[in-house]
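> Sequence:
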Amino acid sequence: MASSDTVTRIASRYPQAHRDALIPILQEVQESDGYLSRETIVGIARHLNLPASKVYGVATFYNQFRFQPKGRFHIQVCRGTACHVKGSAGVLEAIQRGLEVMPGQTTRDGLFSLEVVACVGACGLSPVITVNGEVHAGMTPERTKKLIASHIKEADQNGSRD
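The opening residue of the sequence shown carries number 679 in the numbering used here; numbering runs sequentially from there.
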């Protein structure tokens, strides 16, 4: 479904909406499309009679909102206390260097996206990352590089990589 169709459909549930409906509308659009595009930001702004810059400003304030589609392999790095103490900063750095991507971004080939989260809820297994929701425990920079390599190999074997 096209982004403008999504905004129209969701906005219709908020016929007399004002600024107080902004976050729920942003959440619903992202839930539907997977991210917030420029087109959806502009459409939401029009519906709420707000400048697009205000809508974008609110969306960028909250780290729950994405501005790029998720990659085929969505990596979440836990940065909670237990994971931090056990070295998740090094794991995050290994991902960033290896994939040339920053948190909130998707690799150019669309294969990987990276997100930093406050806690995965698996503190006893720290440091932890998830890939498409699958928990990987006791991660080190070296184990992380191998995990990424295995996903690249999987994508290559399936012919889904440029």
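No wet-lab data here; the hints were simulated from the structure.
Glycine included, each C-beta is placed from N, C-alpha and C at the ideal position.
Accuracy of the hints is not assured; some may be wrong.
Stated by the list, open to error - Below are the DSS-like pairs computed for lysine-lysine, each with C-alpha atoms no more than 30 Å apart in a straight line:
hint	residue 1	residue 2
1	831	732
2	823	732
3	764	823
What the hints assert, rightly or not - Pair by pair, the computed Cβ-Cβ distance ranges are:
hint	residue 1	residue 2	range
4	727	832	27 to 37 Å
5	835	729	29 to 39 Å
6	763	837	33 to 43 Å
7	828	691	38 to 48 Å
8	837	712	21 to 31 Å
> It remains to establish, for every hint, whether it holds in the given structure.
Structure-based check of all given hints:
1. 831 <-> 732: Measuring from Cα to Cα gives roughly 42 Å; hence the hint is violated.
2. 823 <-> 732: violated, 39 Å
3. 764 <-> 823: The hint holds at about 17 Å.
4. 727 <-> 832: 27 to 37 Å: Roughly 47 Å apart at Cβ, these two residues miss the hinted range, so it is violated.
5. 835 <-> 729: 29 to 39 Å: violated, 48 Å
6. 763 <-> 837: 33 to 43 Å: For residue 763 and residue 837 the Cβ distance comes to about 41 Å; the hint holds.
7. 828 <-> 691: 38 to 48 Å: Because 42 Å falls inside the window, the suggested range holds.
8. 837 <-> 712: 21 to 31 Å: holds, 23 Å
Checked against the numbered hints above, the structure violates hints 1, 2, 4, 5; every other hint is satisfied.
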